[in-house]
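Throw the hints in and build the complete structure from the sequences for me.
2 protein chains.
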Amino acid sequence: MPFGRWAAVSHPELDEITVDDVLHALADPTRRAIVRLLQAEGDRPCGTFGLPVAASTLSHHFRALRKGGIIRQYDEGRQRMNTLRTDELDKKFPGLVAAVLAAGN
Amino acid sequence: MPFGRWAAVSHPELDEITVDDVLHALADPTRRAIVRLLQAEGDRPCGTFGLPVAASTLSHHFRALRKGGIIRQYDEGRQRMNTLRTDELDKKFPGLVAAVLAAGN
Chain A
1 MPFGRWAAVS HPELDEITVD DVLHALADPT RRAIVRLLQA EGDRPCGTFG LPVAASTLSH
61 HFRALRKGGI IRQYDEGRQR MNTLRTDELD KKFPGLVAAV LAAGN
Chain B
1 MPFGRWAAVS HPELDEITVD DVLHALADPT RRAIVRLLQA EGDRPCGTFG LPVAASTLSH
61 HFRALRKGGI IRQYDEGRQR MNTLRTDELD KKFPGLVAAV LAAGN
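Line by line, the protein sequences give chains A and B.
Mapping of the first sequence onto UniProt numbering: position 8 corresponds to residue 8, and the numbering continues sequentially without gaps.
Mapping of the second sequence onto UniProt numbering: position 71 corresponds to residue 71, and the numbering continues sequentially without gaps.
Derived from the structure by calculation, the hints contain no laboratory data.
Certain hints may be false.
[Stated by the list, open to error] Using 30 Å as the maximum straight-line C-alpha spacing, the simulated DSS-like pairs for lysine-lysine come out as follows:
hint, chain 1, residue 1, chain 2, residue 2
1, B, 92, A, 67
2, B, 67, B, 91
3, A, 91, A, 67
4, B, 91, A, 91
5, A, 67, A, 92
6, B, 67, A, 92
7, B, 92, A, 92
8, B, 92, B, 67
9, A, 91, B, 92
10, A, 92, B, 91
11, A, 67, B, 67
[Said to hold, decoys possible] Interface residues of chain B toward chain A, partial, derived using beta-carbon atoms under 10 Å:
hint, residue
12, 20
13, 21
14, 22
15, 24
16, 94
17, 98
18, 103
Even for Gly, the Cβ is constructed at its ideal location relative to N, Cα and C.
Below is the structure:
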């Protein structure tokens, strides 16, 4: 478990993450859009995704992705950053995230 | 839309089924067990899956699979039969169901 920069929010350990968690986390087009943008452009702060949803809704989506083991969040200055855990997840569920993202928006 | 033997319950058309529907339907180990048994042994009636859950719970799971486009149900005599729609789904979401089932129980 990393210390320091992950301390602000809790993240499930890889061995705690179930298939169900991953599927629930990805069963939403806004959340898949977040994952795609992180894949394409790397880590970025919550406020910079340019998605047409309210801040509170977006906050809910980031939380769902975090609880589902899809992203890690860490604080950098005043910004909450997001980074993908898909390399980690691929060890446990090879190809799952890619298959879901390939299935459509 | 087939007539007759599908008439007892409603099923979404293929073009109505979303990625989210499929993921929600498969985000449960009992529902994945139902799909696996249908894949392995073909169509079978609701009461013959041998799963350790209450009849009302099982009924909920069949409904979730039906609404998510994973199975079709039809009545045969007094039995409600279940058949997979995964060939159909694969045309719309190639490899998605297989990837989810491969990810774990």
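Structure-based check of each hint:
no. : hint        : in the structure
1   : B/92 / A/67 : holds (29 Å)
2   : B/67 / B/91 : holds (18 Å)
3   : A/91 / A/67 : holds (18 Å)
4   : B/91 / A/91 : holds (28 Å)
5   : A/67 / A/92 : holds (16 Å)
6   : B/67 / A/92 : holds (29 Å)
7   : B/92 / A/92 : holds (26 Å)
8   : B/92 / B/67 : holds (16 Å)
9   : A/91 / B/92 : holds (27 Å)
10  : A/92 / B/91 : holds (27 Å)
11  : A/67 / B/67 : holds (26 Å)
12  : 20          : holds (5 Å)
13  : 21          : holds (8 Å)
14  : 22          : holds (7 Å)
15  : 24          : holds (5 Å)
16  : 94          : holds (8 Å)
17  : 98          : holds (8 Å)
18  : 103         : holds (4 Å)
When each numbered hint is compared with the structure, no violation occurs for any of them.
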